[in-house]
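Fit chain B to the supplied structure of chain A, relying on the hints for placement.
Top to bottom, those sequences are chains A and B.
Those letters in the first sequence? Residues 1 to 961, by the numbering used here.
Those letters in the second sequence? Residues 1 to 961, by the numbering used here.
Mixed in with the good hints, there may be bad ones.
The list treats identical chains as one, so a pair stands whether inside a single copy or across any two.
Said to hold, decoys possible - The calculated EDC-like cross-link candidates involving lysine to aspartate or glutamate, where the alpha carbons are at most 20 angstroms apart (straight line), are:
#1 Lys182 x Asp196
#2 Lys795 x Glu886
#3 Lys361 x Glu344
#4 Lys627 x Glu179
#5 Lys630 x Asp239
#6 Lys605 x Glu868
#7 Lys689 x Glu738
#8 Lys186 x Glu175
#9 Lys361 x Glu373
#10 Lys506 x Glu639
#11 Lys864 x Asp735
#12 Lys897 x Glu886
#13 Lys442 x Asp403
#14 Lys448 x Glu734
#15 Lys689 x Glu734
#16 Lys77 x Asp20
#17 Lys101 x Asp28
#18 Lys610 x Glu868
#19 Lys864 x Glu609
#20 Lys498 x Glu691
#21 Lys605 x Asp505
#22 Lys864 x Glu734
#23 Lys498 x Glu734
#24 Lys448 x Asp431
#25 Lys335 x Glu373
Don't read these hints as lab results, they were simulated from the structure.
Computed from a predicted model, the values in this text were never measured in an experiment.
There are 2 protein chains.
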Amino acid sequence: MSTTENESAVLDGTKDPMSDKFVYFFGDGAAEGNGGMKDVLGGKGAGLAEMTNAGVPVPPGFTITTSVCRWYYANGKTLPPSFAGEQHDALTRLEASFGKKLGDSNDPLLVSVRSGAKFSMPGMMDTVLNLGLNDVSVEGLALKTGNPRFAWDCYRRFIQMFASVVMDFEKNQFEHLIEQLKHKRKVKLDTELTADDLKSLVLDFKRFVRKQAGRDFPQDPLEQLALSRDAVFRSWNNDRAIYYRRQNGIPDDIGTAVNVQAMVFGNLGETSGTGVGFTRNPSTGEHHFYGEYLTNAQGEDVVAGVRTPQPIAHLEQEMPAVYQQLRDITSRLEKHYRDIQDFEFTIQEGTLYLLQTRNGKRTAQAAVRIAVEMVHEGLITEQEAILRVDPASLDQLLHPRLDPKAKVNVIAKGLSASPGAAVGIAVFDADTAAEMGHAKKKVILVRKETTPDDIHGMDAAQGILTATGGMTSHAAVVARGMGKPCVSGVSAIHVNDKTRTMTVDKLVVKEGDWITIDGSTGRVMLGAVPTIDAEVSGEFGAFMAIADKHRRLKVRSNADIPRDAIKAREFGAEGIGLCRTEHMFFAEDRLPFVVQMIMAAPLTKAISEKLAAREKALAASLGGESKTIKAEVAALKKELAAPMKSYKGALAKLLPFQRKDFYGLFKAMKGYPVTIRTLDPPLHEFLPKREDLMVDIATFSRATTGQKKEMAKKYRMTVAQLKKGMPEMLRRVEDLHEFNPMMGHRGCRLGITYPEVTEMQARAIFEAACQIVKEGGNVVPEVMIPLIGTVEELKDQAAIVRRVAEETKKAKGVQLEYMVGTMIEIPRAALTAARVAEEAEFFSFGTNDLTQMTYGYSRDDAGKFLPEYVNRKILPGDPFVSVDQEGVGMLMDWAVKNGRSTRPKLKVGICGEHGGDPASVEFCHRTDLDYVSCSPFRVPLARLAAAQAAVRGSAAESDRR
Amino acid sequence: MSTTENESAVLDGTKDPMSDKFVYFFGDGAAEGNGGMKDVLGGKGAGLAEMTNAGVPVPPGFTITTSVCRWYYANGKTLPPSFAGEQHDALTRLEASFGKKLGDSNDPLLVSVRSGAKFSMPGMMDTVLNLGLNDVSVEGLALKTGNPRFAWDCYRRFIQMFASVVMDFEKNQFEHLIEQLKHKRKVKLDTELTADDLKSLVLDFKRFVRKQAGRDFPQDPLEQLALSRDAVFRSWNNDRAIYYRRQNGIPDDIGTAVNVQAMVFGNLGETSGTGVGFTRNPSTGEHHFYGEYLTNAQGEDVVAGVRTPQPIAHLEQEMPAVYQQLRDITSRLEKHYRDIQDFEFTIQEGTLYLLQTRNGKRTAQAAVRIAVEMVHEGLITEQEAILRVDPASLDQLLHPRLDPKAKVNVIAKGLSASPGAAVGIAVFDADTAAEMGHAKKKVILVRKETTPDDIHGMDAAQGILTATGGMTSHAAVVARGMGKPCVSGVSAIHVNDKTRTMTVDKLVVKEGDWITIDGSTGRVMLGAVPTIDAEVSGEFGAFMAIADKHRRLKVRSNADIPRDAIKAREFGAEGIGLCRTEHMFFAEDRLPFVVQMIMAAPLTKAISEKLAAREKALAASLGGESKTIKAEVAALKKELAAPMKSYKGALAKLLPFQRKDFYGLFKAMKGYPVTIRTLDPPLHEFLPKREDLMVDIATFSRATTGQKKEMAKKYRMTVAQLKKGMPEMLRRVEDLHEFNPMMGHRGCRLGITYPEVTEMQARAIFEAACQIVKEGGNVVPEVMIPLIGTVEELKDQAAIVRRVAEETKKAKGVQLEYMVGTMIEIPRAALTAARVAEEAEFFSFGTNDLTQMTYGYSRDDAGKFLPEYVNRKILPGDPFVSVDQEGVGMLMDWAVKNGRSTRPKLKVGICGEHGGDPASVEFCHRTDLDYVSCSPFRVPLARLAAAQAAVRGSAAESDRR
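With the rest of the complex left out, here is chain A:
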C-alpha cells in the first residue's frame, strides 16, 4: 500500500491508526524521521530530521505527523488513542535532551509550536512561540537570563499570540491595552516600557482574557501545548490557507504536521548571539562565508535594524570556537545539500544552534558563478550545474536594471514585454522620438499600440510603452528583437496623441516628462529612476560553454539586419532562423518603391489576366474572329505597358537594397545558415491608414502650402501629384482592406499573386550569396516560403526560387548550396506535412500563427479574454508565451513525424516567439527539432534551456532503463 493510499485509508477511518507512529523525535544527533518523509512529517519536520541526522546542532524537538491532523478532522476533532502516550514520551525525551523542563521555576523549557505541511504555505497557518511560560516559569526565565524585562516581554507576547491563535481574539485587541499603558507612562515606544510596566501589562492581559473568554489564561504548559497543537490543526482550514491551496493546486485533504521544538535564546548575555548567513555570496556568487550577527540579541533584532549587525567575520575574533564550528557545519551542509546554504543560527551561552538551513536564493549572476565554481570544486556535475540556473533569469545579465536601492513611484503596471529598465522623456509619436533620438536625447516612446510605421521611433527610443497589446503584440515582438525594454498592455493608461499626454486616473504625464519603465516587471514609474548596467562576468562564458557541451538542439536567432545578426552571433547564435525581409521594406529609403510597387502591382495583374484570356482565345480562335481578338490583344498590351513599367521599375529599385541587406547578413553569419522568409505581411501595412487619407483628402483644398508640403512628404508625392494621387491611394487602400487581415491576402498568397516579388527577392538572395562565394566566403541560404496551407502553394513558389537560383549560379559562374523550405504555421500545413515535405527541404514552425489558428485566437485581440482564461484556469497559461503542448504541440509532433516519413533528413526548427521560452525549448527538444530560433537577447536563454532539456531527457532515459 502506498503512502497516499495509507493516508486516505486513515482519513476514511478504514485503517487501524494504532499501527501508525504519530510522533517523531529529533535531537541528540539523531532523528526518528528523515528528509524523505515529507508526506508524514511535512516539509519543515522532514528538514529538521534531516539536519539532525546530518549532525547539525538543531534545537531538539518532535514532529506530530500529518496523519494526526487528518485523524483530527475525520474523527470530530479528536486524536488517535495512542497519541497522548507518544507525545508524552517525546516531550520527556526533549526535556532530557535539552536539560530543561516545561514550566520550571528556575530554568524553564520554552517551545515553539509550528505548522508544517508537505508543501510550503508560508504564513498561511498559525504558530505559537514562547510556549511554556506562566506566572511561575516567567520568573525562572528572568532569573536564568538575568533580564526580567525580556522575560516579561516574552510572557506578554506569548499571551497575545496564544489568545489570538488559540482563543480567537483579534490581534489588535491587546494593542489597545499597550497604548493605554504607554499613554499612562507617557512614553512613545514599546521599548521604553520597563520590566515592571510589562509585568503590569501581563496582569492587564490576563484580566482581559478572563473577561472576554470567561476563563483564565491557561497556566499548565501541557494544556498550553495541547490547545496550541489543535489550533495549528484548525488553521489548516482557515480562509487564507484554503485560498492559498486553491491557488497553488495543493490538495485539501493532506493535512499539516506540527513541530514542537525547544526555543533557544541569543540574548542570554555576551556569550549568546544570533545571526544569518550564506555559504557563498548570494549577490555575486563569490566563494566566501557571508553573513551578519548580533551578540546578546534575538533573531528579530537582526531583522529589525535597531542595532547594526556585525559582519560574520567578526565572530571569529569574538568566539573563535563557535565561529569555527559554524564554518565547519555550514561547509558540511553545503556539501550535504550540494548547494549554497542560507542559514539562521543562535548561540545560547556559547552553544551553537542552527535554526534553519535551506538552499540560498541568489541572483542570476551568482547562480552562474556558483554553478561554474561548484563544478570546478567537484561538488556537482556539469549536468547539475546546468539545471541550477533558471534560463529566464539570464535576461537579468543582459539588460540594465533598476538600481534596487532607488525609490520608485509606480503609477501603473503592464506586461513585462521585453526585459530591462529604460529611462527617458515621454514622447507620443515615432517621428518626434526619432528626431529626439538623433539629437541624443533619451526618450520613451509611448503609444496606444505600435505599428510597423513606428519602427524608426522605436529604434531611436530607450524603451517602448503601449496601452494595448499582449506579449506578442507588435511592440513586444519588435522590442525583444531590438533588445529594448518594453512594457505593453498597460490598460490603466490612456494615451492621447493629440494632446500628447498620457493619463493614469487623474495623473497627467505630458510630453517631455521623465518616466522610467521596467520591462522585466512591467512597472511604469514617474521620474528618472537610476539604473545599473548588466555585469556579465567571465563565469557567464564558462557556464554557457558547459551548457553548450550538453545540448543537442541548435540555437539560432531571428534577425533582419546585419546589426542584429552581429549581436546574435555575440550571444552565440548558430545561424539565423528567421530573417523577415519585409522589415527591410519599411526603411525610409525603400518605402517609396514599396508603395510604388503596391500601387502598380494589382493593376498590372488585372490587365495581365485579361490579356492572357484574350491570348488564349486567340489561340483557340477560328476564321474571322481572330482579327478582332488580335486587336484586343494589342490594345491590352498597350494598356499594360505603363503600370508594368512602374511595377517592374519599383522591383528593380528594391533589388539592390535587398541584395545589400542579404550580403550583410551572410557576411555577419560567416557560413552559418541563414533562413530568409519571402514577403509576408498584407500589403496594406505598407500604405497610409484609410482615416488619415480621408481626412487629408477632405482638407486638401483648404490646406496651406505648408500643410500641402507636409502631406506630400507623408505620401511621398509632389504637391502637384497629391490631388489625383491621394484618392488613387485611397482607392487602393480600400481595395486592400480586409476584415480579418491575419487570415487574408498575405504570406505566400502574395508571392503567388505577384510572382515577380518572389523572383526579385530570390534574385537578391542568390546574387548576394554568389558574391560571398566569389569573395571566398561560406554561405548557406535557406529560402523559406511563409503561410503555406497546401503543398501546391509551396511548389509554385519553390519553382520560382529554384529557377532563379540556377539562373543566378549560371550567370555568376558560382557553385552554391541552398535549400528551399517552408514555415509550418497554418494547421493544414502541419496536417498534410507528409505531402509538404515532398517539396520542402526544411520546416520552420511559426508557432505564433500556428497558435492563433489552432486556437482561433487573434493575438492582437485575445487580450479581451485571455487574462481571465488564465486566471480562471480555463487555460494553464498564455499559449503565446509557452507552446500549448497538448494542441499546438500535437500538430507539431505530427508534422515532424510525417514530414520525416517522407524526407528522413528533413531539417526542422521553430522561429516563433516560443523559441525563447524555456518550456517551449524543452518541448522542441523532446519533439526532436533540429533548432530553435529566437530574438538575439534570448539566445543564451535558449541555449541553456536546450541544455537543460538534454540533461533532463538523458536522466529520464536512464530512469526508464
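Frame of chain A; chain B shown alone:
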C-alpha cells in the same frame, strides 16, 4: 500485360507492333470491336462498335486504333508496316457492305473521317466530311441524287474543309472567292448560287489551291483518305487540344483513334429524311416518343431552322415501316443502355440509319420522373434511380427560374450564391427595401455587402445582390437560409450608397430601375425578365421516398425561427441542426435590450472583478486594515448597483422573447431534436458602426430637430439622451473593436466572460421545453456551446446549462431529456476531441470556421486570392463550398474517432454550409457522422446526396467482398 502497359510498350518502340490489330471493322450487324474497348478504339469508335453489335443499323465503317496514332508520333510520323494492308481490307469490306465504291462515277461511296479519343474532347480535333469526291465522282453523286447543285455544293465544301484541315489553309481564305462570285452574280445568300455557279466555284477553289499550295487538289480518294487520317492524328497536338487536355487532366500520350464511316444522305428524295429524338420527353420526363424530322433533308437543315421540322409522330403516317423500326430500335437501345436515349437518324432511300445515340440530357424534373418510372417499369433498381439524379439539380425544382424563352440582357456575372431567379426594382438600403416590401413592391436589395443590420431589408426583398463576398458571405448564407435568390461577389458592379446607384462600366442603374438576378447562374440582368414557377410533380415525393429508404445519414435543417423550421419540416428535415440564437437578437423589438445589455455588461464585469479582489483581500486581511477594505467593498457594491440593474434588467427583458422563440421551434419540430447554439457573434455586431457614430457626434450640435429625432431612433435613445449617450456608445464600440474579429471575443468566450447571458439563454430553452412537455408534447433540446478550443471552456458553460436545466425541471415539476454538446470548429477542439468528448454529449462540426482556421483563410477576405487559386489548380476547388477532405476532413475524421473512443455513443453532425454540398454529404457519410444539417431549401438535396453516398458505399463494400 495490361492494356496500358501494352500501349506504352508500343509507344516506346519496345513491343513488336505486328502482333497488334490496327483496324477494326463495323457493319453488317456485327463489329470486330466492342463498347469496352475505349482505350483502343476511342470513345466514338467503341460506341459505334457497341451500337452495331446491338443490332442498330449504323452506317458501316472502320476504326483506326489509338495505337496507330501513338506509333505515328513515336516513329517520325510513319505508320506501322502492317497497317496499309489492314486498312485496304477494311475499306474493301466497307465498299462491299454498303454497295458503293470510293470515287465511283455512278454511285460513289463518300466517307467521313473523324477523330475519337478515349475521353471526349468535343470540337478540339479535326474532321473531314464528304471524302471521296473528285471531278469524276461528283458527277456520280449528281446523277444518283438527281441534284447537281447538292453534289457540287458537297464538293466545294469538301475542298474547303480538306484544304483547311490537311493543307493548312485558313478557313476564311475561300470565303473571299465565294464573296467575289456572289458579287458577280449579284446575289446575297449562298443558297442563291446555282449548280453551275458552284461548279465554277469548285474550279476557282482548285485553282486557288494549286497556286497557294503548289500542287493540285488530290483527286485520288485513297490519297484523300491517307492525308485526312494523318491530319486527324496531327490535330491531336494542336494548341486547342493540348490546352483542353491540360484543363481536363487528360494524358497527352494516349493519342486518338480515327473513324472512317460511310456517309448517308437524307436528301435523296421523298423516301429519305433525317431527324433527332428522345425515347422520353427530356423536359418533363413523360414516357412518350419525342423528336422531330424533315424529309428530303440533311441533318444540318433540322438544326438550321430554314425549314420547320415535323413532329416525329408524323413519320408514322409518312413511312410507317421506318417509324416502327425506329421505335423498335430506340426502345431496344433504351433497354440496352438502361437510360433515356438521345438519338440522331437518317433515312436514305427508305433505309433507316442511326447515326448516334447517347444517354439524354434532361431537366431535373425529367430526371426525377424518369428515375421513378424506370423503377416502376423494372428497368433499373432503386439504387440506380437514386444515382440518376444530380442532387445539385434539385434546387431547380424548389425555386422559380427564368423563362428559358425570354431574352435577357446580362450586364454582369457574380457567384451563384443562392439559387432561383428574382425580379424587382433596385434598392440600395435595407430600410427602403423593408418599406417597399411592406408596400408589396418587388425589390432587389443591392448592397456592397450585407451585414446583420440588413436582415429586415433582405427579408422584404425578392432577392439580394452584392458587389463583394463569396459563397459563404453574410448575404449568401442568410439568403440560402431564407430560400431567397442571391448573387454575390459581382466585382464588376460598383454600388454607391449616397447616389443610390450601381454602375457597371458606364451603365448606371438607379434606384427604382427594374433588374433581374439569377441566383442559379450568377447572372445580373437589366429589366424584368419573365420567370416561371417551380413545378414540383408528384414524382418528386416518390423519388425522395426512394432516396430516404436507402440513406443512413439523418438530414436536419438550420433554422432560427419557427417559420423556417416549418419550411424545413416540409422539405423533410428530421430536426434542427443549428438554431443561431443571435439571429433572434436582431429583431426590432429585441435589439434595444441587446444594446442595453452590451452597454452594461462590461462595466458590470469590471466592477465585479474589483469587488471580488477586495472581498478576497478582506478574507485574508489581518488587524486594522480590514476596516478600510470593508469600506472599499461597500463602495464598490454601491457602484455596481446601477450597471448591474441595467444588465440584469436587459437580460430579464430578453428572456421571454427567447423563450417564445424556442417554444415555437420546439412546437414546429414535433419532438424531433432541436440544437440551439448559445450566443456566438462578437458583441460589436449589435452596435452601430464606429464611423456612423463619429459622424453623428460631430454633426449633432448643428443638427435640426428632425435629424436629432432620426438619430435618436437609430440609437434607440431619447433626443435628450443622445448628447451623453452617443459618446458613451462610441467608447463601448471602440472598446469592442477588434483587429481580427473572426478570432476575437466571440463564441463561448462571451459566455465565459458573461455567464449571465448563457444562463438567460439556458433558462429560456428549458422553460420553453418544460412548457411543451406540460402540454403533452415531445421535445429534445440539444444545447450547443460554440467555438470551444479546450474542454475547460465547455465544462464552464455546460455547468451553467446543466444547473439551469435541473433548476427549471425542478421548479416546473417536469421530466425532460436534454443534451449538452459543442461545435467543433476550432482546430484545437478537433485535435483534443477525446478530452472534449468527456464533457460533450454531441459534436457538431462548424465546417465554415473549421475551414477558416485550418487554412488560415478569412472567408470574407479570401475572395482576393481564392478564385486565382482555383483557376491555377493550387486548390482543387473552393473549400468553403465543398469540404477539403485532405486537411479539414482529416481533422473531422480524427475528431469522430477520438471523440467516440471516449464516448462510444457520441452523436456527431455537421452544421456548416457544407451540410448542403453533395460531395461533403458523401464525405460525412463515409466519416460515419449521424446527421448533416443545412438550410431548409437544401434539405432535399442533402437527403438525395446522403442516399447516393449510402448506395455508392454499399457498392464499394460489395466490390471489396
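Quick rundown of the hints versus the structure:
1. For the homomeric pair Lys182 and Asp196, the shortest alpha-carbon distance inside one copy (13 angstroms) is at most 20 angstroms, but the shortest distance between copies (144 angstroms) is not.
2. Taking the shortest alpha-carbon separations for Lys795 and Glu886, only the inter-copy value of 17 angstroms comes in at or below 20 angstroms, while the best intra-copy value is 31 angstroms.
3. Taking the shortest Cα distances, Lys361 and Glu344 sit within 20 angstroms of each other inside one copy (14 angstroms), while across copies they are farther apart (97 angstroms).
4. Taking identical chains as interchangeable, the C-alpha atoms of Lys627 and Glu179 lie at most 20 angstroms apart only when they sit on different chains, with a minimum of 18 angstroms there against 111 angstroms within one chain.
5. Taking the shortest alpha-carbon separations for Lys630 and Asp239, only the inter-copy value of 17 angstroms comes in at or below 20 angstroms, while the best intra-copy value is 87 angstroms.
6. Taking the shortest alpha-carbon separations for Lys605 and Glu868, only the inter-copy value of 11 angstroms comes in at or below 20 angstroms, while the best intra-copy value is 46 angstroms.
7. When the C-alpha separation of Lys689 and Glu738 is checked against a cutoff of 20 angstroms, the pair qualifies both within a copy, at 13 angstroms, and between copies, at 16 angstroms.
8. Only within a single protomer do Lys186 and Glu175 lie at most 20 angstroms apart by alpha-carbon distance; the minimum there is 16 angstroms, versus 131 angstroms between protomers.
9. For the homomeric pair Lys361 and Glu373, the shortest alpha-carbon distance inside one copy (17 angstroms) is at most 20 angstroms, but the shortest distance between copies (88 angstroms) is not.
10. In this assembly of identical chains, the alpha carbons of Lys506 and Glu639 lie at most 20 angstroms apart only when taken from different copies (19 angstroms versus 60 angstroms within one copy).
11. Within a single copy, Lys864 and Asp735 get their C-alpha atoms only as close as 29 angstroms, which misses the 20 angstroms cut-off; across copies the closest is 9 angstroms, which meets it.
12. In this assembly of identical chains, Lys897 and Glu886 lie within 20 angstroms of each other by CA distance both inside one copy and across copies; the values are 16 angstroms within and 18 angstroms between.
13. In the homo-oligomer, the alpha carbons of Lys442 and Asp403 lie at most 20 angstroms apart inside one protomer (18 angstroms), although the nearest pairing across protomers, at 76 angstroms, exceeds that limit.
14. Taking the shortest Cα distances, Lys448 and Glu734 sit within 20 angstroms of each other only across copies (13 angstroms), while inside one copy they are farther apart (24 angstroms).
15. In this homomeric assembly, Lys689 and Glu734 come within 20 angstroms of each other (Cα to Cα) both inside a single copy, at 10 angstroms, and across copies, at 17 angstroms.
16. With identical chains, the CA atoms of Lys77 and Asp20 are at most 20 angstroms apart within one copy only, with a shortest distance of 18 angstroms there and 102 angstroms across copies.
17. In this assembly of identical chains, the alpha carbons of Lys101 and Asp28 lie at most 20 angstroms apart only when taken from the same copy (16 angstroms versus 131 angstroms across copies).
18. Taking the closest pair of Cα atoms, Lys610 and Glu868 come within 20 angstroms of each other only across two copies (13 angstroms); inside a single copy the shortest separation is 52 angstroms, beyond that limit.
19. Taking the closest pair of Cα atoms, Lys864 and Glu609 come within 20 angstroms of each other only across two copies (14 angstroms); inside a single copy the shortest separation is 43 angstroms, beyond that limit.
20. Taking the shortest Cα distances, Lys498 and Glu691 sit within 20 angstroms of each other both inside one copy (15 angstroms) and across copies (19 angstroms).
21. Proximity of Lys605 to Asp505 under the C-alpha cut-off of 20 angstroms is restricted to the inter-copy arrangement: shortest distance 19 angstroms between copies versus 52 angstroms within a copy.
22. For a Cα distance limit of 20 angstroms, the shortest separation of Lys864 from Glu734 across copies, 13 angstroms, qualifies, whereas the shortest one inside one copy, 27 angstroms, does not.
23. With identical chains, the CA atoms of Lys498 and Glu734 are at most 20 angstroms apart between copies only, with a shortest distance of 17 angstroms across copies and 25 angstroms within one.
24. Taking CA atoms no more than 20 angstroms apart as the test, Lys448 paired with Asp431 passes inside one copy only; the shortest distance there is 15 angstroms, against 37 angstroms between copies.
25. Taking the closest pair of Cα atoms, Lys335 and Glu373 come within 20 angstroms of each other only inside a single copy of the chain (13 angstroms); across copies the shortest separation is 96 angstroms, beyond that limit.
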